[in-house]
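Asks: Chain A is fixed; fit chains B, C and D onto it per the hints.
Residues per chain are reported as follows:
Protein chains: 4
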Amino acid sequence: MKDTLVSRIKEVTLKDPILVEGLPGVGHVGKLVADHMVEELKAEKIIEIYSPHFPPQVMVKEDGTIKQVRNEIYAYHGKNDEPDLLILIGDYQSATNEGHYELCSIFLDIAQSFHVKRIYALGGYGTGQFVDKPNVMGAATSIELVEEMKQKDVVFHENEPGGGIIGVSGLLLGMGALRGIDAVCLMGVTSGYLVDPKAASEVLRILSGILGIEVSMQALEERAKEMEKIIGKLQEMERAQAPYEAVGGDEDLRYIG
Amino acid sequence: MKDTLVSRIKEVTLKDPILVEGLPGVGHVGKLVADHMVEELKAEKIIEIYSPHFPPQVMVKEDGTIKQVRNEIYAYHGKNDEPDLLILIGDYQSATNEGHYELCSIFLDIAQSFHVKRIYALGGYGTGQFVDKPNVMGAATSIELVEEMKQKDVVFHENEPGGGIIGVSGLLLGMGALRGIDAVCLMGVTSGYLVDPKAASEVLRILSGILGIEVSMQALEERAKEMEKIIGKLQEMERAQAPYEAVGGDEDLRYIG
Amino acid sequence: MKDTLVSRIKEVTLKDPILVEGLPGVGHVGKLVADHMVEELKAEKIIEIYSPHFPPQVMVKEDGTIKQVRNEIYAYHGKNDEPDLLILIGDYQSATNEGHYELCSIFLDIAQSFHVKRIYALGGYGTGQFVDKPNVMGAATSIELVEEMKQKDVVFHENEPGGGIIGVSGLLLGMGALRGIDAVCLMGVTSGYLVDPKAASEVLRILSGILGIEVSMQALEERAKEMEKIIGKLQEMERAQAPYEAVGGDEDLRYIG
Amino acid sequence: MKDTLVSRIKEVTLKDPILVEGLPGVGHVGKLVADHMVEELKAEKIIEIYSPHFPPQVMVKEDGTIKQVRNEIYAYHGKNDEPDLLILIGDYQSATNEGHYELCSIFLDIAQSFHVKRIYALGGYGTGQFVDKPNVMGAATSIELVEEMKQKDVVFHENEPGGGIIGVSGLLLGMGALRGIDAVCLMGVTSGYLVDPKAASEVLRILSGILGIEVSMQALEERAKEMEKIIGKLQEMERAQAPYEAVGGDEDLRYIG
Numbered sequence: 014m015k016d017t018l019v020s021r022i023k024e025v026t027l028k029d030p031i032l033v034e035g036l037p038g039v040g041h042v043g044k045l046v047a048d049h050m051v052e053e054l055k056a057e058k059i060i061e062i063y064s065p066h067f068p069p070q071v072m073v074k075e076d077g078t079i080k081q082v083r084n085e086i087y088a089y090h091g092k093n094d095e096p097d098l099l100i101l102i103g104d105y106q107s108a109t110n111e112g113h114y115e116l117c118s119i120f121l122d123i124a125q126s127f128h129v130k131r132i133y134a135l136g137g138y139g140t141g142q143f144v145d146k147p148n149v150m151g152a153a154t155s156i157e158l159v160e161e162m163k164q165k166d167v168v169f170h171e172n173e174p175g176g177g178i179i180g181v182s183g184l185l186l187g188m189g190a191l192r193g194i195d196a197v198c199l200m201g202v203t204s205g206y207l208v209d210p211k212a213a214s215e216v217l218r219i220l221s222g223i224l225g226i227e228v229s230m231q232a233l234e235e236r237a238k239e240m241e242k243i244i245g246k247l248q249e250m251e252r253a254q255a256p257y258e259a260v261g262g263d264e265d266l267r268y269i270g
Numbered sequence: 014m015k016d017t018l019v020s021r022i023k024e025v026t027l028k029d030p031i032l033v034e035g036l037p038g039v040g041h042v043g044k045l046v047a048d049h050m051v052e053e054l055k056a057e058k059i060i061e062i063y064s065p066h067f068p069p070q071v072m073v074k075e076d077g078t079i080k081q082v083r084n085e086i087y088a089y090h091g092k093n094d095e096p097d098l099l100i101l102i103g104d105y106q107s108a109t110n111e112g113h114y115e116l117c118s119i120f121l122d123i124a125q126s127f128h129v130k131r132i133y134a135l136g137g138y139g140t141g142q143f144v145d146k147p148n149v150m151g152a153a154t155s156i157e158l159v160e161e162m163k164q165k166d167v168v169f170h171e172n173e174p175g176g177g178i179i180g181v182s183g184l185l186l187g188m189g190a191l192r193g194i195d196a197v198c199l200m201g202v203t204s205g206y207l208v209d210p211k212a213a214s215e216v217l218r219i220l221s222g223i224l225g226i227e228v229s230m231q232a233l234e235e236r237a238k239e240m241e242k243i244i245g246k247l248q249e250m251e252r253a254q255a256p257y258e259a260v261g262g263d264e265d266l267r268y269i270g
Numbered sequence: 014m015k016d017t018l019v020s021r022i023k024e025v026t027l028k029d030p031i032l033v034e035g036l037p038g039v040g041h042v043g044k045l046v047a048d049h050m051v052e053e054l055k056a057e058k059i060i061e062i063y064s065p066h067f068p069p070q071v072m073v074k075e076d077g078t079i080k081q082v083r084n085e086i087y088a089y090h091g092k093n094d095e096p097d098l099l100i101l102i103g104d105y106q107s108a109t110n111e112g113h114y115e116l117c118s119i120f121l122d123i124a125q126s127f128h129v130k131r132i133y134a135l136g137g138y139g140t141g142q143f144v145d146k147p148n149v150m151g152a153a154t155s156i157e158l159v160e161e162m163k164q165k166d167v168v169f170h171e172n173e174p175g176g177g178i179i180g181v182s183g184l185l186l187g188m189g190a191l192r193g194i195d196a197v198c199l200m201g202v203t204s205g206y207l208v209d210p211k212a213a214s215e216v217l218r219i220l221s222g223i224l225g226i227e228v229s230m231q232a233l234e235e236r237a238k239e240m241e242k243i244i245g246k247l248q249e250m251e252r253a254q255a256p257y258e259a260v261g262g263d264e265d266l267r268y269i270g
Numbered sequence: 014m015k016d017t018l019v020s021r022i023k024e025v026t027l028k029d030p031i032l033v034e035g036l037p038g039v040g041h042v043g044k045l046v047a048d049h050m051v052e053e054l055k056a057e058k059i060i061e062i063y064s065p066h067f068p069p070q071v072m073v074k075e076d077g078t079i080k081q082v083r084n085e086i087y088a089y090h091g092k093n094d095e096p097d098l099l100i101l102i103g104d105y106q107s108a109t110n111e112g113h114y115e116l117c118s119i120f121l122d123i124a125q126s127f128h129v130k131r132i133y134a135l136g137g138y139g140t141g142q143f144v145d146k147p148n149v150m151g152a153a154t155s156i157e158l159v160e161e162m163k164q165k166d167v168v169f170h171e172n173e174p175g176g177g178i179i180g181v182s183g184l185l186l187g188m189g190a191l192r193g194i195d196a197v198c199l200m201g202v203t204s205g206y207l208v209d210p211k212a213a214s215e216v217l218r219i220l221s222g223i224l225g226i227e228v229s230m231q232a233l234e235e236r237a238k239e240m241e242k243i244i245g246k247l248q249e250m251e252r253a254q255a256p257y258e259a260v261g262g263d264e265d266l267r268y269i270g
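Chains as they are written, first to last, in the working numbering: chain A, 14 to 270; chain B, 14 to 270; chain C, 14 to 270; chain D, 14 to 270.
So that you can see chain A by itself, here it is in the shape it has in the complex (with noise of 0.2 Å):
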């Protein structure tokens, strides 16, 4: 396997769906929300996506049985009103530079497919300081969208972030808007520290409304708990293993989730 496999589970029909992404990042507030609306709304896989720019792992299961490492695409049926939905997750993001930059072209491709107009890519904004009123920073392929997602409570200020935003939320939007994709990046601002389910909720909160689909929120909570164990676990035994570890001095292995 030299390149990136996407293998098609089922085919679907959708109406101009709407791409959610949600992959591993700071706070894995993007992952914590879109992992939840995929078990919420019952959304079924349809595409599963490995690639040699993830770690070469494998998860293992509380049976016992295994998970090859990769990203995949659930099909929502929009029920109503509703849109339909296309949601991205996976166990991680590239680990290189140039994986990014094509994985983000793959998903683009994908989307494309479906006659994708407008993205929601979902991320954490992490400050290092712990988090009083939890609120969601936005970003945004032109400034009619800006001021669309202000009137949704979304939160833009002049200098944040400074960093600009990296990964493939980030390249979502600016490969995006090269291919004329209209797309937004919601931000939970967090502390950044493990997994941050108030970030999460507020993110899931404004997306919701935005959507107009409204998503359970109960689980939520026990479901980050469950999130920070797994990554609790990882990071016991990377510190375990590192003196001997079968991988490479490159890895980057810290934002499983």
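A few of these clues could be false.
No copy labels: a pair is met if it fits in one copy or bridges any two.
Claimed, not checked - Under the rule of at most 20 Å between Cα atoms (straight-line distance), these lysine to any residue pairs were calculated in the SDA-like manner: (1) Lys-92 with Asp-29; (2) Lys-146 with Met-230; (3) Lys-74 with Val-168; (4) Lys-246 with Gly-141; (5) Lys-15 with Ile-62; (6) Lys-246 with Val-144; (7) Lys-15 with Ile-119; (8) Lys-15 with Ser-118; (9) Lys-15 with Tyr-63; (10) Lys-74 with Lys-246; (11) Lys-74 with Val-159; (12) Lys-130 with Ala-190; (13) Lys-28 with Gly-193; (14) Lys-80 with Gly-193; (15) Lys-55 with Asp-97; (16) Lys-146 with Lys-163; (17) Lys-74 with Glu-239; (18) Lys-242 with Glu-171; (19) Lys-165 with Lys-211; (20) Lys-242 with Glu-173.
Since the hints were made in silico from the structure, they are not lab data.
Replies: Chains B, C and D alone, transformed into the frame defined by chain A:
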């Protein structure tokens, strides 16, 4: 040499062979067991694999001659009711993420050319602590296989290995499953420091039972000591030459064995 | 996007243009001068270059809209006796060795398509110490060019820069020479910390004299302050997000600007 | 330039030439000897090799002109009974694993185009301690060659170099052997710090004896001092510019010379 080179040393015919993999890793458990099996079973080398994903290095043997670092596949013709085996051993695993994926695909291509239907990937599970009573932890590609292994004294814990399995052993399961090959990872629980012959002998005991192939364990301890000596030398030399080593900063030579 | 993408924004005809390069580097001297020239001369953007060798990132502008990181080439039509110019600026240099070579080849291909016969690569030379009286150090592709530059107050020291010139500025000279293009590197001597407007104004003064193009320096100091603010933000954010940043461990975001 | 570029400067005919390699490495022993031989024997340059696997850098010469970093092959026509030689020298070795394999294959392709049947790879063996009485350690592709070298005062220790040989010198033996070329590595035992002229003169003494080519050693010490000065400059500049250096974090510029 921009691509991995598979050099077939000898053509053999095998009947539904089982693939056993033991490359360097945590506690050198997998490598120690597989190297030992090759010696004790007098398996014959049939394939050599050279790759730009291995460190750019030759090993120097005791007589002053050299050996290009590589992976090797040996064949064992089972006696009486014993199954045939392919045994994969080597000096190194890939030094890069992408290399792990590429090499694992090559290993699986070779396995499929021999109609391999089952793989045992051997490794160690590092606890970072002294291990009192050695046991063997498992992971497998299906729940049926998990149940079968439990019958053979392989231990499955609900939350371990929480960090998943990294490197060739992990990918042989994950990528193997995608190709419909049954695969099991047998991990000797080890402190994870240097070479652990106790963990190795426990893995060998259980694997022998599963395969129905008896392998003398007498030489195992001595072999572990030799391996430890070589690793010690490697580490010493690395320290001595570090400031001027003719190699990029990315190398991870830690799990040489 | 596995390959670098050259997007031509506008077709222009130029007469024997001179290429001026000012990408981020030591003390941001080159970037500051070239950005300033683009603004003051009202040069027009003709080419955008996107590459997987740049960090996987978008910049967020003050109004909340985003910009995919990239390199850009601007054209300036010389007035009266002034020469025509191509000015190469950007957010980043390549994050990898190989990318530097690839991007530099692309820059030279573009230059040759415009019949560029001379290149001025702008940069900084960091001394690590406070610089009392700024001056401009040079290096060039031929001894005739060295002599010509000495007439223009460019300083040549027998043993400096002893370490050679690294990155795009270096390769434009080295690879340019292999293609028969005359090229000069003008390095403002700087302490090397953050953005150095004094070194930049000295480089600009000398370059203006060489080109015979007058460029107002009034706004230079202010522009340096803005650039410093952005870099400060970037560094702050990097620190805050470091533990969970959705990017592999290889990235070097230090010379963003 | 995505690929390594082999530029043939001059066509020459050689009779069964021997390849001598001396690229930067431990104690700069190999580079010092090979550079010295090129000068003393007035060998002529026939090939230049440019590669994206070298650092993206130009060297600045004393007169202010620049030189793209590269590897070079020189030809020496043996006088009387002397053998013909190809001498491989350069500013750098590859900065990546994969590059080492690719460049070594290119070197061997060139060697085979000249019908090279024997290679001497020169290097240093760093002990990390002061070396009282210099000697030359060996490794070779066959036991016959080991015996032959023992007759020439080359030392073979049963357990050294325990860590194998890393970089071009190692691969020329390992990959050379796979192509059926006899190859010897001669390693001057050195403390490993900076440039070691004593280890170099011992390697040169033994190599001269083996080749039957007399090379004056008078200028060797002086050449070592010059090389040390350049390396000192490089290291100084690296320290000064480190915080903003326009190069990714992976680079290993330590063995420039």
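Asks: All the hints need checking, so say for each whether the structure fits it.
Replies: Status of the hints after comparison with the structure:
1. Taking the closest pair of Cα atoms, Lys-92 and Asp-29 come within 20 Å of each other only inside a single copy of the chain (14 Å); across copies the shortest separation is 52 Å, beyond that limit.
2. Taking the shortest alpha-carbon separations for Lys-146 and Met-230, only the intra-copy value of 18 Å comes in at or below 20 Å, while the best inter-copy value is 45 Å.
3. Taking the shortest Cα distances, Lys-74 and Val-168 sit within 20 Å of each other only across copies (14 Å), while inside one copy they are farther apart (39 Å).
4. Taking the closest pair of Cα atoms, Lys-246 and Gly-141 come within 20 Å of each other only across two copies (14 Å); inside a single copy the shortest separation is 23 Å, beyond that limit.
5. Proximity of Lys-15 and Ile-62 under a CA criterion of 20 Å is satisfied in both settings, with 13 Å inside one chain copy and 17 Å between copies.
6. Taking the closest pair of Cα atoms, Lys-246 and Val-144 come within 20 Å of each other only across two copies (19 Å); inside a single copy the shortest separation is 25 Å, beyond that limit.
7. Taking the closest pair of Cα atoms, Lys-15 and Ile-119 come within 20 Å of each other both inside a single copy (15 Å) and across two copies (10 Å).
8. For the homomeric pair Lys-15 and Ser-118, the shortest alpha-carbon distances inside one copy (17 Å) and between copies (8 Å) are both at most 20 Å.
9. For a Cα distance limit of 20 Å, the shortest separation of Lys-15 from Tyr-63 qualifies both inside one copy, at 11 Å, and across copies, at 16 Å.
10. Only within a single protomer do Lys-74 and Lys-246 lie at most 20 Å apart by alpha-carbon distance; the minimum there is 13 Å, versus 39 Å between protomers.
11. Taking the shortest Cα distances, Lys-74 and Val-159 sit within 20 Å of each other only across copies (11 Å), while inside one copy they are farther apart (41 Å).
12. In this homomeric assembly, Lys-130 and Ala-190 come within 20 Å of each other (Cα to Cα) only inside a single copy, at 11 Å, whereas the closest approach across copies is 36 Å.
13. For the identical chains of this complex, Lys-28 and Gly-193 are intra-copy neighbours only, at 19 Å inside a copy versus 34 Å across copies, given an alpha-carbon limit of 20 Å.
14. Within a single copy, Lys-80 and Gly-193 get their C-alpha atoms only as close as 35 Å, which misses the 20 Å cut-off; across copies the closest is 13 Å, which meets it.
15. In the homo-oligomer, the alpha carbons of Lys-55 and Asp-97 lie at most 20 Å apart inside one protomer (13 Å), although the nearest pairing across protomers, at 46 Å, exceeds that limit.
16. For a Cα distance limit of 20 Å, the shortest separation of Lys-146 from Lys-163 inside one copy, 18 Å, qualifies, whereas the shortest one across copies, 50 Å, does not.
17. For the identical chains of this complex, Lys-74 and Glu-239 are intra-copy neighbours only, at 13 Å inside a copy versus 37 Å across copies, given an alpha-carbon limit of 20 Å.
18. Proximity of Lys-242 and Glu-171 under a CA criterion of 20 Å is satisfied inter-copy only: 13 Å between copies versus 36 Å inside one chain copy.
19. For the homomeric pair Lys-165 and Lys-211, the shortest alpha-carbon distance inside one copy (18 Å) is at most 20 Å, but the shortest distance between copies (46 Å) is not.
20. Taking identical chains as interchangeable, the C-alpha atoms of Lys-242 and Glu-173 lie at most 20 Å apart only when they sit on different chains, with a minimum of 12 Å there against 31 Å within one chain.
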